[in-house]
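There are 4 protein chains.
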Amino acid sequence: MAPAGAKRNILERLDAGEIVIGDGGFVFALEKRGYVKAGPWTPEAAAEHPEAVRQLHREFLRAGSNVMQTFTFYASDDKLENRGNAQRFTGTQINEAACDLAREVANEGDAMVAGGVSQTPSYLSCKCEDEVKSIFKRQLDVFVKKNVDFMIAEYFEHVEEAEWAVQVLKTSGKPVCASLCIGPDGDLNGVSPGDCAVRLVKAGANIVGINCHFDPMTCVKTVKMMKEGVERAGLKAHYMVQPLAFHTPDCNCQGFIDLPEFPFGLEPRILTRWDMHKYAREAFNVGIRFIGGCCGFEPYHIRAVAEELATERGYLPAASEKHGNWGAGLEMHTKPWVRARARRDYWEKLKPASGRPKCPSMSTPDSWGVTKGHADLMQHKEATSQEELKPLFEKAKASH
Amino acid sequence: MAPAGAKRNILERLDAGEIVIGDGGFVFALEKRGYVKAGPWTPEAAAEHPEAVRQLHREFLRAGSNVMQTFTFYASDDKLENRGNAQRFTGTQINEAACDLAREVANEGDAMVAGGVSQTPSYLSCKCEDEVKSIFKRQLDVFVKKNVDFMIAEYFEHVEEAEWAVQVLKTSGKPVCASLCIGPDGDLNGVSPGDCAVRLVKAGANIVGINCHFDPMTCVKTVKMMKEGVERAGLKAHYMVQPLAFHTPDCNCQGFIDLPEFPFGLEPRILTRWDMHKYAREAFNVGIRFIGGCCGFEPYHIRAVAEELATERGYLPAASEKHGNWGAGLEMHTKPWVRARARRDYWEKLKPASGRPKCPSMSTPDSWGVTKGHADLMQHKEATSQEELKPLFEKAKASH
Amino acid sequence: MAPAGAKRNILERLDAGEIVIGDGGFVFALEKRGYVKAGPWTPEAAAEHPEAVRQLHREFLRAGSNVMQTFTFYASDDKLENRGNAQRFTGTQINEAACDLAREVANEGDAMVAGGVSQTPSYLSCKCEDEVKSIFKRQLDVFVKKNVDFMIAEYFEHVEEAEWAVQVLKTSGKPVCASLCIGPDGDLNGVSPGDCAVRLVKAGANIVGINCHFDPMTCVKTVKMMKEGVERAGLKAHYMVQPLAFHTPDCNCQGFIDLPEFPFGLEPRILTRWDMHKYAREAFNVGIRFIGGCCGFEPYHIRAVAEELATERGYLPAASEKHGNWGAGLEMHTKPWVRARARRDYWEKLKPASGRPKCPSMSTPDSWGVTKGHADLMQHKEATSQEELKPLFEKAKASH
Amino acid sequence: MAPAGAKRNILERLDAGEIVIGDGGFVFALEKRGYVKAGPWTPEAAAEHPEAVRQLHREFLRAGSNVMQTFTFYASDDKLENRGNAQRFTGTQINEAACDLAREVANEGDAMVAGGVSQTPSYLSCKCEDEVKSIFKRQLDVFVKKNVDFMIAEYFEHVEEAEWAVQVLKTSGKPVCASLCIGPDGDLNGVSPGDCAVRLVKAGANIVGINCHFDPMTCVKTVKMMKEGVERAGLKAHYMVQPLAFHTPDCNCQGFIDLPEFPFGLEPRILTRWDMHKYAREAFNVGIRFIGGCCGFEPYHIRAVAEELATERGYLPAASEKHGNWGAGLEMHTKPWVRARARRDYWEKLKPASGRPKCPSMSTPDSWGVTKGHADLMQHKEATSQEELKPLFEKAKASH
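Protein chains in written order, with UniProt numbering: chain A, 1 to 400; chain B, 1 to 400; chain C, 1 to 400; chain D, 1 to 400.
Please note that the accuracy of each hint is not assured.
The list treats identical chains as interchangeable, and a pair is accepted whether it falls inside one copy or across any two copies.
[To be verified] Cross-link-like lysine to aspartate or glutamate pairs, in silico, DMTMM-like; alpha carbons within 25 Å at most:
hint	residue 1	residue 2
1	32	104
2	32	51
3	358	282
4	221	185
5	278	51
6	146	48
7	278	345
No lab work stands behind these hints: they were computed from the structure.
If we strip away everything but chain A, and leave its shape as in the complex, we get:
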C-alpha cells in the first residue's frame, strides 16, 4: 500500500496525473449482507450496525480505494421518514455516524473521505430552485462540520438539478465532483452528455462524470462524450466514472432499473474480475483518472481495477497479498488442469457460461418504462406515496 500520512487533496492528486480509485456501492453490497433493505435503500445501518459498515469500508480500502464515500445515500430526514421505517435513529445521527466510520477507516490507509448528495424528491415535485438548494445546504452542513475532504454530487438524472447541487457544494470551498446517472442518450430532458458536462463545469464542478445505471463500458463511453464536450468548449476538468458491476446491453435510457431483473435477479449479469480489468484499462485510456464503482461492486472488483492499473499507480493494493496476478494463485491448486488456468490468456478469452439454458441473453426492458404514453407518470416517478400516484395511474391506463 502507498504510504499513508501523505494525504493530499483529490485535486492535487489528479493535477499530478495520479489515478484515484473509488470504492463500490454500499447499498447493494450491504443488502446482500443483510443490513440494507431493497426498496427503501436507506443507510440506517451506519448507526444500527456500524461494525458491518466499517468492515465494508475496510475491504474497499484493502482493495485499493483512495476514496471512502460516507454511507449517507438517501439520508435526509424526510426521505428516511417517507420510506416507512419507524427509525431508531435520527437522520443527523445516521449522517454523523457515517462520516465518523468513513474517517476512521480512511485514516487506516491512503484514502480521502467524500461526502455526497444526490437527486431529491423535491426537484421532481417541481419545487423551486431555492427549496431544492436548501435541502442540499442542510446536508452540506453536516459534511462541513465533520470536515470531509471533498464533495460528490452524484446520481442525478437531470443536469439542472445537478448544477444547483454543485453551486451549493462550492460554497464549502472543498473540491466538488458532479456525477450523473445517464447514458449516451443524455439526461432525461435529452441534454447530451457533452452539454451536461459543459454546464456542470461552468457551475463550478472540478470533476465531472457518470455513476450507476449502466455497465462499465457504457459509462466510460458516456464520460468520453462529456470530455469531448468540455474540450470542444475550451474548458478544463477532471473526469470520474463509477459504473454498475452488471452487464446491461439491453437497457433503455432509464438504465438498469427498467430491466426486469432489477433488483433481485441481476446475478447472471455480474461482471467477473477480468471484465473489470478491461473496464479499468478502457477508462484509463479515455483519460478518466477517478475510477471507481457503484451498485454490484464487491471489494474484489475494485481490487481488479487496482491490479490492472498497478504499473501506472506504482503499487498493488493490500488485498493483492491474497490474489495472484491473473489467476497466478491457481499454481497452488491440487488439480493439474486447474493449475493450467493460472494465466492471463486463459481468463481473457473465457466466455463464461451461465449454466442457465432456459434463460435468454437479453431481456426486454419493462413496458412501463418505455411506454411513451406514460410520460406523465414518469415525470412523477419520485412522488412520495402511492396515494399521490393514483390519479396518474388512472390516466395512464385510460390512455391505452
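Please arrange chains B, C and D on chain A, whose structure you already have, making use of the hints.
For chains B, C and D alone, coordinates are given in the frame of chain A:
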C-alpha cells in the same frame, strides 16, 4: 430470532423434527472480500484478520444460520506449509482462533459451533488407515479442547476415507455429520450414493449428506438417493445438504472444479435468492432437515432459505428486518413499474437474462478432467507438490 | 454416383457390409415448399403436384440416397378423410401415384423403393389385433401390386403395434424394417429399447431401428441400446436410424412434438451440415448401416451424410459436384477472410450463434405433455375427432 | 390466386397502390437442394438442371410471388470462367435458359419477369465507367431479346456503380429498380442511405431499395432512411426491400458475409414464418410496396409475407391452401396440446429455443472484416483471382 440460551444439541433438534439451517462457504465469500487466496484456499484470516471472519459469521447468524462452522478448512500444519505461504501464524493458532470466533458469534444467537475435518492429501498418496486416522485425531484434539458442539466430516470424494474420519470423530462422544462432495454418479470409485450413505451410517455417522461440487438441485437429488439407500437397508439417520450457489448443469462427476469458469468466471452461474427458495423447499420435501450452503453462498442466500422455511421454523431470521417477503420491499420504490415487481409470482417466473450475448449457456468441462486416460493422474490429484506430479504429467502426455 | 443397374436387395447390401443411405422426411420438406399442410400432414401432393414430389425424390437421390420411400405417410382413406380435406383424389390414387414417383426416380440411380406403414388411430382406440392388422394388410396390397423393393414399418410409439405390422409385412416375402419413434426411455408403455428390438426381431424384422421424434445423437444412442439388447439375446439383425434434423436436448419422452416450437418455430434448432458429419460418423461407429433422415432433413443434410461416409462407400454422391469437401468451395470466394474458412477445422469448431439474444437455449416442453394427470387424455391422443376428446378434456381440466 | 391474364406493368401496379411480392434468393435455396456450389455461387443449373430451377420458380409463384427474377446471378462469361468451373454451357446459354424458365412459370400465374444485373469485379478493379457500363450493356442485350418485363440492378455496395447500371438499364425503356446491399451506415464509401437513394432516383431508377446482406428489420430501416432522403429532396420513387431470412444483429457494415457462420453455419439464424409476418407488416407500414426476399428465403417465407398482407392484397396465395392462418392447420393435429397452438397469440409470443446450449446468441464478426488495417485489401475484395490478391495479403500480414 428464536430465543438464544435454549441451546439444544443438533440431534435433539433434528429428533424433534426441527429444521437446522447451516451457514455458507467461507473461502469463496472471504476471497471476494480480500482475505483468502484462491488456489491455496487456506484460512489464515482467522488469525490475521479476525474482524473479517467474525463479521461473516455474524452475517450468516443474522441470515438464519443455526450452525457456525469453524473456519478451519485446510488448516493442518502440513497443508498450510505446502501451500507455500510463509505463515505468520502456526496452524494451532489459526485453528484456535477460528474456534473462538465461531463460539463468540454463536453465543450471540441460536447457533451451535461445528468443527470440521475434510479429505487429506495422505489418503490420496496411499497412506495407510492408521496414518490418515492420526491426522484426523490431531485435528479433533483442538475441537475437543475448544469444546465445539458437534463435528462435521465433509468434502470427501471417497467414502472409505470418510468412514475413517467418522470412526475417529465418534471417539469424542459428540454428534457426527458425514458429508461427501459427490453427485448422483457416486464417489470417485463408483460407489453409489445409497451405498455410501449406508457405509457412513454403519461407521457411526448420525447425519449424512452432501456438500460442495454441485448445484443445489443436484445435491438434493443425491441426498435423496442416500436416504433411499439408508431406508432400504433398514437403518436410520438424519440428512444434510450444503450445495454450491452456482448453477452447474454441465458438470461431470468431478463437479464445478472441472468447469472452465472455476474459480474466477463463475459469476453468471450465481443463484438468485428465488432459486434458493426452490432449493430450500425441495430439500425440505425430500426430508432433509440440516440445510445450508457451501461455496458461492452469501448471507442473503441463507436468508432466502430461512424465509422459505419460516412457517415450518416458526420465525424469520434477524436479517429479514431488512428484506420484504418475495420482494415486498419494492412497494417502497419510487418508480411504479418497479413497485409492480413486489410479488412472488413475478420473481418465480422470471428467467433472468445474462446480458452476455456472446456467452453460451453451458460450457464443456475441461478435457483434462474428463479424459479417461488421465486416470492415473487424477488418482493423485491431491498429491502435495508439483514435483511429485511430474512423472504423472509425463505419463499422461505420452498417452496422447 | 455408383453404377445403377446393379440393383441389389437391401439385405444383400447390408450383409455385404455396405452402407445404405436413406432419404429425408417429405412432409416437413414439402410443407416448406407449399405442398403439404401442417396439422393433417397428408400426402395428397403425390397426386396433386407430382412434379414437386418427383423433384424432392431427385434431390435426395442426387444427395446420395439409396432408398426412395414412397410418399404415403398417413395415406389410408380413413386418415385422409378425417383430416377434413375434401380430397380430389382417393387414397388409392395417392398411394399408387406415390409408388410410381418413387420408382421413376429410383430407376434414375442406385436406389431402391421402400413402401411404408406407420402407427394407426385404430390401435390407440383399442381396436383388436385383427382389425389393426387388416389395415396394414390393405396398405401392403398396394405396395405388393406396385412391387416395391422392401417394406418399412416406421413411426411406432408402441412396440406391440409394430410387431403386428411386421407380422403382416413379412407375408409379402420382402425384407422388412421396423423403426420406432422412441428415445432411450423406451416405448410409451415403458418397454426398453433393447427389449423392443428383441421383440421386433422375433416378430420377423430384418432391420430394426429408430426414426423421427429425437435428434440424431439421441436416436443413435437409442439404436445402440437396441443393438445391445439384440446381441444380449443372441439374435441377429441389421440396424437403421432416421432421426430429426433438429437439436432436441430438451425433449421429454414424447419427442419434439411436445416442444413449444413444434412445428412452426423449429428453425433455430436445424442441424448444420457439419452436425450431420458427426451424426453419420457416430451412427457408423455404433454399427448402424442404414443411415437416413426424417423431419427437417433437406437434401444437403443427406449429402453431408454421404460425404462423411464417402471413403467407406467408395464414392461421392452426384450433388457433391456442387459442394466442396468441408467448405472447399469457399476457396473460390472473392473475400479473403471467407476463403480462410475453406477448411474442416474451422467448421468443426464453430459454435454457431443464433442471432436471437432474447431466446433461450432450451425450452420447457408443454405442460400438457408432461402433466401426469393427463394420462387418460394422452392414451387417446390419436382419437379421430375433437368431438370424441371433449369428455377427456373436461376430465383433465377438472383434475387441476 | 389473383386472376392471371391481367398482366400489368410493375409501375402500373405500384402507382395503383398495389403490393408486389418478390421471390426469394435462388443461390442459397438451390445450394441446399444440390444444384449450386457455395463459393462460386454461379447459376449454371438454369441450363444443367432446368427442372430444379423451374420447380423453385413454381414454389415461389404458389407462395405469392408476383416477380420471377431470372436466375442469372453472376452469369457473365468472365465471372463463370474465373470461378474455375469447366462449364458445359456458355454464359449465353445459361442466361437464355434462365429467362425462358422465368417466363414459363410467370405465365402460369400473376407474375412478371425481372432481369437482373449486379456489381462487377471490373468496378472494384478500378476499371473506368465505360468499361463497367459495357458489361451491363451486354447483359441487358439478352434481357431485351428475351423481353423481360422490367429490370433490377441489385446487390451493389457502391452507389456510384449502381448509378452506372441504372443509366444503362434505362436505355431499354423498361422500368428499372435499383437495390443496394448496404445497411443504415450507408455504402462502402460512407454515402448515407438517403443520399444513395437520391442519386439513384436522379440516375433514373423508378424503384429504389435494399436487398441481401442484412436481416429484414435492418433492411426495412435502411429503406426507410432512403425514403426519407428522397422525400427531403422533393423527389418521387417507389420502394423495394428483399432482405436475408437470417437474424443478423451482430453484423458489421459488410453484412452477413463477415459473420463466422457464413455460409455453412447460418441455420440457427433462419427466420420463422412468424418473424416474416412482422417483417411484412413493418415493410408495409414504412411505405414499401415491392416486398420480397433474398438469401435464406424458402417458399414458406414468401407465403408468410403474402398471408400477412392478404387483406391489403385482397387474396391469399395458392400455397395457402396448404397452410392454416397463424397455425390453424394444427386444429387437425391428433395431440390436444398441439391443437392448443393453433392461434396467433401463441406463435407471436414464442421465443424459440435453439436447443444449442453451448452456442452463444451473437458471434463476433471475423477479424479480417473489421480490421481497419485491411482497408487496402477490402477495397479489392472482388478482385478476380487469388493471384491478384497476393501482394495485398502480404501487405496486410506485414501490417500486423
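*asked:* If the cut is 25 Å between Cα atoms, do residue 221 and residue 185 qualify within a copy, between copies, both or neither?
replied: both (11 Å within a copy, 20 Å between copies)
_Intra/inter-copy verdict for residue 146 and residue 48 if alpha-carbon distance must be at most 25 Å_ = So residue 146 and residue 48 pass the 25 Å test inside one copy only (19 Å; across, 32 Å).
*asked:* If the cut is 25 Å between Cα atoms, do residue 32 and residue 104 qualify within a copy, between copies, both or neither?
replied: both (23 Å within a copy, 23 Å between copies)
*At most 25 Å between C-alpha atoms: does residue 358 with residue 282 qualify within a copy, between copies, both, or neither?*
For residue 358 and residue 282, the Cα distance is within 25 Å only across copies (20 Å; inside one copy 33 Å).
*Are the CA atoms of residue 278 and residue 51 at most 25 Å apart within a copy, between copies, both, or neither?*
Close neither inside one copy (33 Å) nor across copies (32 Å); limit 25 Å.
*Using 25 Å as the alpha carbon limit, work out where residue 32 and residue 51 are close: within a copy, between copies, both or neither.*
Result: close both inside a copy and across copies, 15 Å intra and 18 Å inter.
_Alpha-carbon proximity between residue 278 and residue 345, which holds within one copy, between copies, both or neither at 25 Å_ = within (13 Å within a copy, 30 Å between copies)
Against the hints set out earlier in the document, a violation occurs for number 5 only.
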